[in-house]
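Undergrad: Residues per chain are reported as follows:
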Amino acid sequence: ETGVTQSPTHLIKTRGQQVTLRCSSQSGHNTVSWYQQALGQGPQFIFQYYREEENGRGNFPPRFSGLQFPNYSSELNVNALELDDSALYLCASRGGTNTGELFFGEGSRLTVL
Amino acid sequence: GENVEQHPSTLSVQEGDSAVIKCTYSDSASNYFPWYKQELGKRPQLIIDIRSNVGEKKDQRIAVTLNKTAKHFSLHITETQPEDSAVYFCAASKESGGYQKVTFGTGTKLQVIP
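Residue numbers (my numbering), protein chains in the order written: chain L, 1 to 113; chain F, 1001 to 1114.
Next up, chain F with everything else stripped away, as it sits in the complex:
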């Protein structure tokens, strides 16, 4: 089955700096890669996603890149703010005929220091 590895497990940055979180996946058939943000005691929420036919996607301060050959994808947050502090999960998903099995990474706890 799919295996998703995520690094680093914790990340501290100064406010205004950039943060990068990296993930690798094992199943070359995976075709959808979402990133979820989970604040303490809250539900995970989608912040950005990318499909396998795209190499890069950007939404304001957040961007995701995908390298299908190397089977890795990364989340980039620029100009970090204290409210970016949370746990971030990458995930890989294979969608086929309405069935979607999402495999999550182990999470990165991001701390933005004011």
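One chain only, chain L, in its complex shape:
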């Protein structure tokens, strides 16, 4: 069984640029959510995708957007990067509506200069 994988692992961008982060969910998992984890903080919920539709969103502005593909992999796009966007971005998948456990990837560490 393949776990959740994310790419890239590290990247550096400058303010105003755009970034795309990618996630492959665990085999058989149809629900993917994205989290932002600032240094020394807990993960903060960005949004969730279920069967290619966004079905929940946290307190993040519209410049944070996403996609889920038919194979349940997912992308997180962030436009007009700001310095405060520097963080670890975690993708998590879960197997169904009645299973609460989140399976996290190793994350993509984004630095905005």
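Every clue listed holds true.
Restricting the straight-line Cα-Cα distance to at most 30 Å, the calculated cross-link-like pairs of lysine-lysine (BS3-like) are: (1) F/LYS1094 to F/LYS1071; (2) F/LYS1101 to L/LYS13; (3) L/LYS13 to F/LYS1042; (4) F/LYS1101 to F/LYS1057; (5) F/LYS1071 to F/LYS1101; (6) F/LYS1058 to F/LYS1094.
Label pairs and their computed distance ranges (CB to CB): (7) L/LYS13 to F/LYS1058: 39 to 47 Å; (8) F/ASN1053 to L/PHE69: 33 to 41 Å; (9) L/PRO8 to F/LYS1057: 32 to 40 Å.
Every beta carbon over 12 Å from chain L, so not counted as near; a handful from chain F, in silico: (10) LEU1011; (11) SER1012; (12) VAL1013; (13) ASP1017; (14) GLN1060; (15) ALA1063; (16) THR1065; (17) THR1069; (18) GLU1079; (19) PRO1082; (20) VAL1112; (21) ILE1113.
Calculated from the structure, these hints are not laboratory results. Every residue, glycine too, gets a C-beta built ideally from N, C-alpha and C.
With the hints as your guide, set chain F onto chain L.
TA: Relative to chain L, chain F alone:
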């Protein structure tokens, strides 16, 4: 929205002692409370969880208690070992129709001193 507070932020214990981490939540509709362990540079991993229809759950050296009336829940680790050293996050979640929004606490850095 949901707000989860977690204490303490750091905790040092001697190997073999017990460790207790406490969390409170604000949304009485939250019905699922997981605990995640995150080792340095690694992904968060679920160590135990509890649903709102249960008051206590135990798995070997780890136990979680939930007080719905007071809206707080706690993680208890007994007979701590050096490999228990990590950051622990509590979380509260409301699940409805396939949608799950998980709100995490700010984390507790546990250091087990050999």
